[in-house]
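*Asks:* Sequence:
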Amino acid sequence: MPKRFNCLLAVLTTLLVAASAVFAHHSVAGQFDTSKSLTLKGSIAKLQWMNPHIYVYLDVKEADGTVATWVLETLPTAMMRKAGLSRESVMGMPGELVTVLVVPAKDGTKHLGWISKITYADGHYYALGGAGPVQ
126 MPKRFNCLLA VLTTLLVAAS AVFAHHSVAG QFDTSKSLTL KGSIAKLQWM
176 NPHIYVYLDV KEADGTVATW VLETLPTAMM RKAGLSRESV MGMPGELVTV
226 LVVPAKDGTK HLGWISKITY ADGHYYALGG AGPVQ
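So in our numbering the end of the sequence shown lands on 260, straight run, no missing numbers.
Just to be clear, a hint being listed does not mean it is correct.
Stated by the list, open to error - Straight-line Cα separation of at most 30 Å, DSS-like style, residue types lysine-lysine; simulated pairs:
no., residue 1, residue 2
1, K171, K161
2, K171, K235
3, K242, K166
4, K207, K186
5, K161, K231
6, K231, K166
7, K242, K171
8, K161, K235
9, K207, K166
10, K242, K186
11, K242, K161
12, K171, K207
13, K166, K186
14, K171, K231
15, K242, K231
16, K166, K235
17, K161, K186
18, K207, K242
Calculated from the structure, these hints are not laboratory results. None of the values given here were measured: they were computed from a predicted structure.
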């Protein structure tokens with residue numbers, strides 16, 4: 126009986142460790158620093174409306190005048206569709222000017238972040254949540 130219990134305990138421990146790694150990988154807080162946020166203004170260069178997450182490539186003019194393309198991740202397509210939102214209604218179209226509230230990468234990778242809010246030139250916005258404070 127003790128041998129059987131030890132085997133069961135080992136299996137359960139392995140499953141818990143594996144599950145925590147999966148959750149950390151799929152967690153916003155696992156990849157992005159939710160204690161920080163920054164605001165970016167730029168034009169949408171490209172959209173990737175795909176699973177598991179949507180990606181927006183945003184061209185942002187740097188202080189030195191060069192243009193940097195930010196890779197910005199946000200919610201899964203399924204969550205957007207459940208809320209009745211489409212690619213066109215939420216993410217805009219390539220070339221469109223937007224302001225985004227971004228949670229930066231936890232590991233310090235430049236030009237990588239999570240969109241928590243996107244605001245359009247006419248003032249309407251979507252608070253996408255998932256990370257950081259929405260202002």
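*Asks:* A separate judgement is required for each hint: does it hold in the structure or not?
*Replies:* Here is how each hint holds up against the structure:
A threshold of 30 Å between alpha carbons decides the hint, and for K171 with K161 the separation of about 25 Å falls inside it, so the pair holds. The suggested pairing of K171 with K235 holds, with an alpha-carbon distance near 18 Å, which does not exceed 30 Å. Of the pairs offered as hints, the one joining K242 and K166 holds, with about 12 Å between alpha carbons and a cut-off of 30 Å not exceeded. Between K207 and K186, the direct Cα distance comes to roughly 34 Å. Violation of the 30 Å bound is thereby established for this hinted pair.
Restraint check for K161 and K231: satisfied, since their Cα atoms lie roughly 9 Å apart, inside the 30 Å limit. At roughly 21 Å between alpha-carbon atoms, K231 and K166 fall within 30 Å of each other, so this suggested pair holds. Restraint check for K242 and K171: the C-alpha separation of about 17 Å stays at or below 30 Å, so the hint holds. Between K161 and K235, the direct Cα distance comes to roughly 14 Å. Compliance with the 30 Å bound is thereby established for this hinted pair.
Taking the CA atoms of K207 and K166, the gap is near 28 Å; set against the 30 Å cutoff, the hint holds. Of the pairs offered as hints, the one joining K242 and K186 holds, with about 19 Å between alpha carbons and a cut-off of 30 Å not exceeded. As the CA atoms of K242 and K161 are separated by approximately 14 Å, the hinted pair is consistent with the 30 Å bound. Distance restraint check for K171 and K207: the Cα-Cα separation of roughly 23 Å lies within the 30 Å cut-off, and the hinted pair is therefore satisfied.
Of the pairs offered as hints, the one joining K166 and K186 holds, with about 8 Å between alpha carbons and a cut-off of 30 Å not exceeded. Using a Cα cut-off of 30 Å, the hinted pair K171 and K231 holds, with the two alpha carbons roughly 23 Å apart. For the hint pairing K242 with K231, the CA-to-CA distance comes to about 18 Å; that is within 30 Å, so the pair holds. Between K166 and K235, the direct Cα distance comes to roughly 16 Å. Compliance with the 30 Å bound is thereby established for this hinted pair.
Taken as a hint, the K161 and K186 pair is honoured in the structure, with Cα atoms around 21 Å apart against an allowance of 30 Å. Restraint check for K207 and K242: the C-alpha separation of about 18 Å stays at or below 30 Å, so the hint holds.
Of the hints listed earlier, the one the structure fails to meet is number 4.
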